[in-house]
Every structure is written in structure tokens, then in C-alpha cells.
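Visitor: The hints should help you fit chain B with the ligands onto chain A, whose structure is shown.
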Amino acid sequence: MEFPVHTSPYGQLPNNVTRLMGQVLLALVPGIIALVYYFGWGVIINICIAITTAVAAEAGILHLRKRPILPTLMDLSAVVTAVLLAIALPPLLPWWMTVLGVLFAIIMVKHLYGGLGYNPFNPAMAAYVLLLVSFPLSMTRWLPPEMLNQYPLDFLQSLTIIFGGQFPDNLTWDAITSATPLDEMRTRLEMHQTISELSQSPLWGDFGGRGWEWIGNWFLIGGLFLLWRKVISWHIPVAMIAGLLLSAGIFWMIDPEAMPSPAFHLFSGGMILGAFFIATDPVTASTTPRGRIIYGFLIGVTVYIIRTWGGYPDAVAFAVLLMNMAAPTIDYYTKPKVFGAREDKDG
Amino acid sequence: MITQNPGRWDFHGGIHRPDRKSLSAGKFLGKLPLPEILTLPLQQHIGSTAEPAVTAGEQVHKGQIIARTTEYIGAPIHAPTSGTILGIEERPVPHPSGLNAPCILLQADGKDAWGELPEPLPQYADLDPSLLRERIRWAGIVGLGGAAFPTSVKLNHGPDRPIQTLVINGAECEPYITCDDLLMREQADRIVEGIKILLHVVEAEECLIGIEDNKPEAIAAMQQAVAESALRNVQVVQVATRYPMGGEKQLIKVLTGKEVPSHGIPAEIGVICINVATAAAVTDAVIAGRPLLSRLVTVTGEGIANPGNLEVAFGTSLSQVIAHAGGYTDLAYKLILGGPMMGFTLGNDQVPMTKGANCLLLAGKEEAPDPDKALPCIRCGKCVEVCPAQLLPQQLYWYARAKDLDKTREYNLFDCIECGCCSWVCPSHIPLVQYYRFAKTETWAMEKEKQQAEEARRRHEARTERLERLEQERKARLRQKKEALEKKTARGAADPKKAAIEAAMKRVAEKKARQSRENEER
Ligand code: SF4
Ligand code: SF4
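Line by line, the protein sequences are chains A and B.
Read in my numbering, the first sequence has 321 at position 321, and its numbers run on one by one without any break.
Read in my numbering, the second sequence has 1454 at position 454, and its numbers run on one by one without any break.
Bound conformation, chain A alone (with noise of 0.2 Å):
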């Protein structure tokens, strides 16, 4: 009788790439759902848009570079990567800016650099940020949450307005679109209103954006969900969060009617879901267990940083690009110490 021979271990793996991805695109499921309640069905179609895009996009260039397809197809990276930059995208945002934002994030962060494991920039964010800076404009207009939104639009209206540009009668971009609650925070607070006068708004809800401030507990769930499977392990989001409410809270303390508490920069903009769901993916991130919380705490120290005093409103993307370049670095100090390392010796 003769047998096959390959090398140990041997049995049922317990993890592969699919699964991890596949609980990544599940985990996500509450947060979609709490944005599709809040903002309507353009998120929906910028989802379905971008994985799309994405899948064809990742089979065209697999042909190309003659690799198998199907297989590829099959580890849902690319799916993740298209569903997680079309939930950072506005809800009405024209469809061919996602579509090249999807383009450009399989195409050339991506597969330019040898595709799935060999990217240094998390592909979702860097489209992001090259649409951020493309189109400001259309990157910042937002919709006013469900419960303030005096128009809200059907199915078919949102199609018309991604697909066409076509508003429903008597409607524009004025009427419908709202700035986010930190694009808002940021233009009041540099017409010197203080953060009690801002928080009499309307717009204002408990802590945050009305609105707005819920949509993180519902991404938080799917994290905890990605913990408890052990998709992600607890040093990214922990230290970032970390970083940020630590940087928020000294500043807060110092003069709290000019800076935003710790809690409205928490649940504001990307940050739960760039803790969970983007810091996290593991490609871009630090490997070792001390470089990922030092990676982490940076990217919250970063985000407050960009929000407070850079250019632009929210900073997660930024943030994250900045920490995945220096994510090498941050390893190769971060080396764990091995077992029954000598004193005398370092290593």
C-alpha cells in the first residue's frame, strides 16, 4: 500500500485566510446595517459598487499577471478592501469616483506591490485619501442623519442621484447634503464659538453628532465580535483607542470649551471602525505583540493630531498610512525576546 507524503503538521487547519475574511465582512454586518438606518440605500449601492469593482478588477489583473483566479477571488480580501472603503465613502457619492477609488486600491496598492501580503499601504485608505484629495468637495458632503433629514430619498432616487446626478424635483446638493459633526466642530470652533454654544444645536446629540454618535457602538459590536473569534487580537484597538482618548483628554481638561471631550472624538468620524476593522488589517499593520500596541497608540495620537490641528476633518485614513510606513521600523525594534534569552546578550 503506498501513502501520501507531505510535511506535519497534520490535520483539519483550524484558521484560513476565507474564514478570517469572511468574519471580517460579517462583524461588519451591524455597523452597515446602523449606517443604512441613519444615511439610507446609498451606502448600500456604494457596497455593492465597490465589490463590484473590486472582484473585477482583482480577476482582470490576476489574468494579467497569469495567476489562478478563482482561488484568489476566493480569500475575500478583495471584498473586504471594497466594502470597507465603500462605508468611509458619502452615501451619495457619484459612482465612478468609487468605482476608480476601488481601481486604484486593488490596481496600484494592491497588485503594483505583488498583491494580498506584500502591500505596505492599506488599500482601502490610500483610495480613500486619493479621493479625499481628488474631490473634497464630494468627499465632505454627507447626509444629515435619519432623524434630521427633512428629505429623505427612496431606493430609486438615491440610484438616480449616484448613477445620474439627477436630484428629485426641486432638490440640490445644498438641500439634501450636511457636513459631518467633525467637519462641523471643526468649522465653529475656528469661528471661536465654544463647545457649550455648540452643543444647544440641533445637530448636537449627547456627546457627538446626533445621530452619528451611535453608529460607532454598532461597528464596536462587530470588533468585540472579531475579539471573541480571535480575528484580531486586542493590542491595535485598545492602544489606539487608548492614544486618542489619552491626547483628547489632556487637551479637554486643559480648556474643555475649546477642545471636544475624549468621548466625541471616540464615537466621531472612523474611529471604531478604523480601530476594529482598518488598523487592524493585518497586511499593513505591526506584526510583533509590543509593535502593535506602540503602532496603535500612534495612530490615536495621530488622529487627534490631524483633527485638531491639520487640514482636515477626520484622520483616520491619514493616520493609518502614516503608521503603515513605519510599521517596519516598528517591528524590527519591537522584536519579542526569545525564549531563555540570555541576560548578557540582547536578542
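Hints listed in this document are in silico derivations from the structure and should not be mistaken for laboratory results.
Honestly, I wouldn't trust all of these hints.
What the hints assert, rightly or not - Derived DSSO-like pairs: lysine-lysine, alpha-carbon spacing no greater than 30 Å straight-line:
{"hint": "1", "chain 1": "B", "residue 1": "LYS1506", "chain 2": "B", "residue 2": "LYS1487"}
{"hint": "2", "chain 1": "B", "residue 1": "LYS1450", "chain 2": "B", "residue 2": "LYS1440"}
{"hint": "3", "chain 1": "B", "residue 1": "LYS1506", "chain 2": "B", "residue 2": "LYS1482"}
{"hint": "4", "chain 1": "B", "residue 1": "LYS1481", "chain 2": "B", "residue 2": "LYS1506"}
{"hint": "5", "chain 1": "B", "residue 1": "LYS1407", "chain 2": "B", "residue 2": "LYS1373"}
{"hint": "6", "chain 1": "B", "residue 1": "LYS1373", "chain 2": "B", "residue 2": "LYS1440"}
{"hint": "7", "chain 1": "A", "residue 1": "LYS230", "chain 2": "B", "residue 2": "LYS1365"}
{"hint": "8", "chain 1": "B", "residue 1": "LYS1448", "chain 2": "B", "residue 2": "LYS1403"}
{"hint": "9", "chain 1": "B", "residue 1": "LYS1403", "chain 2": "B", "residue 2": "LYS1450"}
{"hint": "10", "chain 1": "B", "residue 1": "LYS1258", "chain 2": "B", "residue 2": "LYS1440"}
{"hint": "11", "chain 1": "B", "residue 1": "LYS1475", "chain 2": "B", "residue 2": "LYS1506"}
{"hint": "12", "chain 1": "B", "residue 1": "LYS1440", "chain 2": "A", "residue 2": "LYS337"}
{"hint": "13", "chain 1": "A", "residue 1": "LYS66", "chain 2": "B", "residue 2": "LYS1373"}
{"hint": "14", "chain 1": "A", "residue 1": "LYS230", "chain 2": "A", "residue 2": "LYS337"}
{"hint": "15", "chain 1": "A", "residue 1": "LYS335", "chain 2": "B", "residue 2": "LYS1403"}
{"hint": "16", "chain 1": "B", "residue 1": "LYS1111", "chain 2": "B", "residue 2": "LYS1031"}
{"hint": "17", "chain 1": "B", "residue 1": "LYS1407", "chain 2": "B", "residue 2": "LYS1450"}
{"hint": "18", "chain 1": "B", "residue 1": "LYS1258", "chain 2": "A", "residue 2": "LYS337"}
{"hint": "19", "chain 1": "A", "residue 1": "LYS335", "chain 2": "B", "residue 2": "LYS1258"}
{"hint": "20", "chain 1": "B", "residue 1": "LYS1403", "chain 2": "B", "residue 2": "LYS1481"}
{"hint": "21", "chain 1": "B", "residue 1": "LYS1407", "chain 2": "B", "residue 2": "LYS1258"}
{"hint": "22", "chain 1": "A", "residue 1": "LYS337", "chain 2": "B", "residue 2": "LYS1407"}
{"hint": "23", "chain 1": "B", "residue 1": "LYS1475", "chain 2": "B", "residue 2": "LYS1487"}
{"hint": "24", "chain 1": "B", "residue 1": "LYS1407", "chain 2": "A", "residue 2": "LYS335"}
{"hint": "25", "chain 1": "A", "residue 1": "LYS230", "chain 2": "A", "residue 2": "LYS335"}
{"hint": "26", "chain 1": "B", "residue 1": "LYS1031", "chain 2": "A", "residue 2": "LYS335"}
{"hint": "27", "chain 1": "A", "residue 1": "LYS230", "chain 2": "B", "residue 2": "LYS1373"}
{"hint": "28", "chain 1": "B", "residue 1": "LYS1475", "chain 2": "A", "residue 2": "LYS66"}
{"hint": "29", "chain 1": "B", "residue 1": "LYS1403", "chain 2": "A", "residue 2": "LYS337"}
{"hint": "30", "chain 1": "B", "residue 1": "LYS1027", "chain 2": "B", "residue 2": "LYS1403"}
{"hint": "31", "chain 1": "B", "residue 1": "LYS1407", "chain 2": "B", "residue 2": "LYS1448"}
{"hint": "32", "chain 1": "B", "residue 1": "LYS1403", "chain 2": "B", "residue 2": "LYS1440"}
{"hint": "33", "chain 1": "B", "residue 1": "LYS1403", "chain 2": "B", "residue 2": "LYS1373"}
{"hint": "34", "chain 1": "B", "residue 1": "LYS1440", "chain 2": "B", "residue 2": "LYS1407"}
Guide: Okay, now just chain B with the ligands, sitting in the frame of chain A:
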């Protein structure tokens, strides 16, 4: 000093996987009848290959040394039964490479007649440890937990490394394997007797026996045996079930809190670690004067009809072992020697049983599916989380693949214990350990090459130096002669007669010098 609260420490990483031990646990299928022909590989252990001590046609007795070791790290091989040596030939051996290696072929005569054995040493407590080490060396005992490192070498810790703790490894952390479990349940006394001997040999202050908590019967049996022995410095310690708890460095850490230094051995921190079956073999060698001729092996998996444990003489074909355990079932898909984490697949069952073989796993397709195609490393860090050596497997993989051997060393490749935890959890299904083994082999090969090159360079340099020296000496002699001549000429220039004589002498001298130079050059 006695370790307080042994077992309260922990090691980093490791994995949990279903242990599947119930398939064979506690089942003893008896002693396998001796085969007609035994195939005994000369290399059954770590270290130098044993040298045959017999020739074709020779009659041998049971227990007679048929291959002896010429170097310090090595172990002799004994005839498991009496019979005739058929020859020394290349045969397939149980090795991952699947290659052939020299084996002694022994035809059993069916008499199973013992030859002359050394005298039993029940009074070992009065004997010098070196004498007992010699006996253990004679018996051909190697680590029976799978590593097969010569035990006598391990026990020779040297006077500058006093041993505090003798650790007895009964963890048996690999899934499926139950031979140590069975031995502890059924022959705890034999193990404890071995512990007594070992304590005397290494002059340790205490002995800690580590057993995973998935073996309550073994723990109870060992506890009872220890209690009956009235040994006060021996303790059975229940440890958590987590792979690789039975890794030498891991078990020592958990039991004593001490870490074996990187690139070091346990003796450096005053510990020696011996497997339970090895301890039992020591008893036989010392108390009965019997060499190591057979061992317990687990035969298990979905692919075997009657899983259990068997006592098998070395040299028996694995096909006979399998037949004795009821033969293959329809599910048999892979033949694995050793456990599912660190063992290796065999292409067929036509290889002999050796000292290091602790398990034959006939895995079904579900139990050992074919590996998927590996995806690129996504740097998820799961391997880092589980690595008990606290390495960065993904970096090691990266450098091993790029054949950057210096970097793999910088990342402590040689601290990798090849436990396979990293490969197990890798979502990209990269056969990481395979890369590390490769990098290690490459490094060794390179080292050897370097040594040889160094040797050649030294020889070349020595030669050039010698030639240069000769040349210098020749020149110096010439110069001396010339100077002497010049002086003479200067002095005798006034006397023509003297000058004529001197000229003649100079010619003669020159001729002589030329001759001697020619001689020298020849
Ligand atoms: S587990 Fe595999 S994929 Fe993850 S970092 Fe390690 S080698 Fe890379
Ligand atoms: S095989 Fe080596 S690198 Fe992998 S987990 Fe075990 S010790 Fe670490």
C-alpha cells in the same frame, strides 16, 4: 533547594487541538511475536552512525552488540533476538527523506537465546555514577520520547554543572499518542525504580514528574508508585493539557520556572529532563543488565482496525505491527510515524521499527487531509501568538524563503523547536516548519563548507609560508657568501698570487653553492 509549588509557571503560546487519545488509551495489544527477519538501521539515534561489529554469516545471541558506537554522541545496537547475520545492506528506513540507509539484516533462529549479559547491579546506590552511565551507554538507551538522543550523553552533565532537578517527562502532549500513558498506568514501579537510579547518577536534589491532566489514571498510578517507594524528594505534578507541554524546554519552564538558555541545554540551569519510557529502560539496564531491544508503540488512527499499544522489537517491519493491530481499514489514507504535529509521513509500511518510533498513526482523510495550496503570508501574527520559543515565525519564513541565512539566525532560527504550532494556526496554510528545517539544513551545510574552505586555506597558507621561508633562507645564505667574498677580495687585492688562489677557491665555492642549491631545489 526544592522547587516550591512546581507546575505553577506557564510557557508562552502553544495550541489546543482534539487529542484523540481515547482511540488507543489504556489498550495494550500485547507483545508482537518476533519476525523471521529483522532489519536494524545503523542510525536510530541522534549522533554518529553505529559501526557494524558483525559480519555476514555470523551467529549472534540475543542482547549481543551488533553495532558499536565509535564517537561520544552515539549508541550501540543490540541483536533483539538470536540468529544469523544475513548481511549489511542499504534498506529503506523510517526517515522523512524516504531514502535508504545501511541496515544489519538478522535472520531469527526462533530460539530467542540470550547471550552473555553484564551482571545486574541492584546495589547501584553504592556504585559510582560513572559506572552506571557506562552501563546505560552499553544498553544503547536513547530518548524514547521521540528525539532519540543518547541518554548517557545527557546524563554526563559534568562536574561544573551540578544538577538540582531531575525532570521526568510524562506529558505526552502530542495528540493520539498513548504509549507513555500506558507505561505509567501499568508499570509505574519500573519508572520509579529508574528515577531512583537516575537521581543517584546525576546526584539531583529532587525529581519532578510532569504529566498532562488528560491522563488521570497515569497520574494516580505514578502517585501511588512514588508513595510506595518512600522517595521524599519525588513529586508527581499535574500540568495543563496544551501542546507542546512535553517539549523539554516548555516542561522545565512549567515545572521549575526556569528557562533553558537560548542555544543552551537544560544542564546549564541545573536540570536534566528524561522521558518516562527512557527511565524504565534505565531500570532494565541497571537492575537486570538488559539492553534496549524493544519498545512500546502506539498504533492508532481511523485507518487501523484495532488501535492500541504494542511492544515491538526493533527491526520488526511496520507492516507486521499494523497487521497485528487488525490491519488497515478502508479509511487509511496516510501513514504517519510519530504524532500529527511533529511526525512525518511514510510512503509505505516496508520500513523497520526503530528506537525513536513512538507512534504509528494511520490517519483517515479527515484526520490528515492533503495540504491546501499555500497563500501568501498576510502577516496576521497568529504564528507569533502561538510560538512557544517566542520567535517571529513570519519573519523567519520571509528570510528562509529568501535564503537569507544570516537573517534567519539573527531571528533565532536555531531556537525553533519545530513544534509546528505556527504552521497549525497559519491561515495562509504555509508549511512554515518545512522552511525552517530547510534553512537549518542549509546553514549546517554552509557551515561545513566554510569549515572545509577554512581548512584548505590554512593548508595553503602554511605551504606558501614554508616556501617563502626557504626562499628567504637561501637568499640570506647567498648574501652572506657574497659579503664574505667581497671582504676577502678587498683585503687580498694587493697580492696577485693570493688573488689567483682566491679566484679559484671562489669558483669552487660557487660551484658547490650551485650544487647545494640544486640539491635543495630538487
Ligand atoms: S500565521 Fe501565517 S499568515 Fe499569519 S503571519 Fe504567520 S506566517 Fe503569516
Ligand atoms: S515550529 Fe518553530 S517557529 Fe513554529 S511555533 Fe514551533 S518553535 Fe515557533
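Visitor: Going straight from one Cα to the other, do LYS66/A and LYS1373/B come out at no more than 30 Å?
Guide: It holds: about 16 Å lies between the C-alpha atoms, which stays within 30 Å.
Visitor: Would the pair LYS1111/B and LYS1031/B pass a check requiring their Cα atoms to be no farther apart than 30 Å?
Guide: Holds, at roughly 17 Å.
Visitor: Does LYS1487/B lie within 30 Å of LYS1475/B when you go C-alpha to C-alpha?
Guide: Measuring from Cα to Cα gives roughly 18 Å; hence the hint holds.
Visitor: Has the given pair, LYS1027/B with LYS1403/B, been kept, meaning a C-alpha gap of at most 30 Å?
Guide: violated (46 Å)
Visitor: Measure nothing beyond the straight line between the CA atoms of LYS1403/B and LYS1440/B; if it is 30 Å or shorter, mark the hint as holding.
Guide: holds (11 Å)
Visitor: Within a Cα-Cα threshold of 30 Å, do LYS1475/B and LYS1506/B meet the stated pairing?
Guide: Given pair LYS1475/B, LYS1506/B holds - Cα atoms ~18 Å apart, limit 30 Å.
Visitor: Holds or violated: are the alpha carbons of LYS1403/B and LYS1373/B at most 30 Å from each other?
Guide: holds (21 Å)
Visitor: Going straight from one Cα to the other, do LYS230/A and LYS337/A come out at no more than 30 Å?
Guide: holds (23 Å)
Visitor: For the pair supplied as a hint, LYS230/A and LYS335/A, confirm whether the alpha-carbon distance does not exceed 30 Å.
Guide: Cα-Cα ~22 Å, so holds.
Visitor: Is the straight-line distance between the alpha-carbon of LYS337/A and that of LYS1407/B 30 Å or less?
Guide: It holds: about 16 Å lies between the C-alpha atoms, which stays within 30 Å.
Visitor: Given the hint that LYS1407/B pairs with LYS1373/B, does the C-alpha gap stay at or below 30 Å?
Guide: At roughly 26 Å apart (the allowed maximum being 30 Å), LYS1373/B and LYS1407/B satisfy the hint.
Visitor: Is LYS1440/B within 30 Å of LYS1407/B, Cα to Cα?
Guide: holds (12 Å)
Comparing the model with each earlier hint shows violations of hints 20, 26, 28 and 30; every other hint is respected.
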